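Novice: So the chains spell out like this:
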Amino acid sequence: MHLTELRLITCVVERGMADGVVAAAMKAGAPAATICFARGSGIRERLTLLLKIAISAEKEVIDIVASAEKADAIFEAMAAAAEIDLPGKGIIWMTPILKAVTHVADLGAAEPSGGPGD
Amino acid sequence: MGVDNGVGSRHGQIHGEGRIHTSPGESLRILWPFFRSKFSEQAWSVLPVVIYLFFFQILVLRWPVASAGEISLAMAWVILGLLFLMEGLRLWLLPMGEAIGDGLPRKAPLGAILGFAFLVGVVATLAEPAMGALRAAGAGLDPARTPLLHLLLNGWDKTLAATVGAGVGIAVVLAMLRFLGNWPLKNLLVPMVMVLLGLTAWASTIPALASVIGLAWDFGAVIVGPITVPLALGLGAGVCSAAGRSDTGQSGFGTVTMISLFPILATLGLAFILHFAGAVPGGYPAPSPPGAQGYLAALLRSAPIQGIATASQAILPLSLLLFAAQALLLRDRIARGDEVALGLAFALAGLILFNLGLIQGLTPLGDQVGTIAPGAFSTIQAGVPSRPFGPLYGTLPGKGLIVLLALFLGYGATLAEPGLRAMGIQVHEITVGAFPRPTLVHSVAAGVGAGMALGVARIVFDLPLAWMLIPIYLLLLLLTLISSEEFVSIAWDSAASTTGPFTVPLVVAIGLGLTASIPGVAEGFGILGLASAGPILTVLGVGLVLRRPVVARAARSSACT
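These protein sequence lines map, in sequence, to chains P and Y.
So the first sequence is residues 508 to 625, counted in our numbering.
So the second sequence is residues 3 to 563, counted in our numbering.
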């Protein structure tokens, strides 16, 4: 039984910011989140000195899989919580998922389309 | 909010090359939360301890806080100073230490590396701000009652500082050799502590030397502050990764422990030499000559100038040494040079502010609480003009109250120490969360509280320090032998980094204040020394409980530091 009509939301934020962003995502209906540590480069180096030191090069990457109908609300909530429009604060993007398998309840409202409508 | 629009309009910037321009509003939205979180972090660590001491003095000792306004203002300097100092060390000292530690093994022969490590040890020791607090405390000692201690801290203070610095230098060299040779910490730690305990036991049988024991063990706690710890860890991490040795896991840990043990040996050694060379019976040192008189001298002694002078003496030689190593040994440009330069400026400004707050706030506060506290169990002379005060409570409840004061003070002040917080994060990452940062921080804090209570108890009950040090450290050795290598390093290191620039002046001032008001007690050192032993005990204990999962996970991560 494969799940379809899913979206993957990936959000890169500074180290230590992920918890707040995940909380906002959960509030907007995200079923679960995976957080990895990472290191970024590019934007930070091009900021002025004083702003540079306020932006951590250490990052956290949040992956959230959600049903298509909830994905937009989750995406907007995360972008707002992360203040992602500020330079150096990170990036967020959304991609379609071809198929996925997990314990069904984990994805909340996601309807298993492959099953006989349970 | 229009995230899509924002990103769309910035496409040029995302693919651009030059500086990103931010509007003042955007800059403020980036900087303000950053500053606010750093500020509240320091404020939450400093203010509770200060408010606690205020309340203790007013409610329990029923004595008004002298110059409360000035002390409160000074606390603002302490908070801002710690904020800028910590940011400065993060941007300047840590990257430079790591870059040098990383580059040296590839570009310089072993002899040059060890020579540099020795120099770093000496200069970093002289840079530690808490060193000055301990030495200044010696000025108030009575030369007739503790001649050797007085001599060490007054006439011979430069020799003492140099000896301790050399001790730290040797410790840093040994720590590097330990990385390269992959020696377990236990093999160095156990013989070293046994030698120290033997010397302490011997010194306790000679009255003149017994008074030095407290100072010697305090040095171990004082030396490892916000400058030595990150520098030694950064250098160690670099050497460790360059050597490609990571099979013992946390070999980076343990360095701090060795740095804390060698000054004890150096101080005791110098005291023994002075004693047996007959420096003391030959005559007491002449009273130090009064400083130059006049307006200029008064200005030079004023708190702001003192703060600037002390901070510059602490930061500048060390930065010169590091820049010289970068230029001469590495022959390389400094990565992120602008951030390093800003960090250096921050560290200097932070230390100036902190020293100002120390002179005007921390030391006066600790001193007055310590001086008034014996009024809880005896009659003392206090206030200006002095009048008899106390006893407020019975002898035993009064003394018990003071011990309780120390217990909670040690717990609270330890939570405030930035060195410990940094270590908490590292330990959390190395043990992959099995030893969470709060668990480490609170077990260390509880240990410091218990140790400090014991140290104060030994002053108010007038007991020999060696009676407490020797059994406690023997117990520690036993626990060390049955604990796993990584926990031995974590426990001994976290103990060494508990007492930083915030705790040391407060506790030293309280100890000396107590001594001033309790007749028969010659010196008030040793509280810090005992306060370092407590957390080793608690962390090793917690470690034995948590041991199994941590060892398994730590082995898998096999990190170098």
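Everything labelled a hint here was simulated from the structure, so no lab data went into it.
Model, not experiment: these values are computed from the prediction.
Backbone N, C-alpha and C define an ideal beta-carbon position, used for all residues, glycine too.
Watch out, some of these pointers could steer you wrong.
[Unchecked claim] Under the rule of at most 27 angstroms between Cα atoms (straight-line distance), these lysine-lysine pairs were calculated in the DSS-like manner: (1) K559(P) - K40(Y); (2) K596(P) - K559(P); (3) K596(P) - K40(Y).
[As the list claims (entries may be wrong)] Stretches of chain P that chain Y covers, calculated by requiring three or more beta carbons in the stretch to come under 8 angstroms of a beta carbon on chain Y: (4) 552-561; (5) 594-600.
Novice: Are there hints from earlier that the structure breaks, and if so, what are their numbers?
Specialist: Of the numbered hints given earlier, the structure breaks none, since each of them holds.
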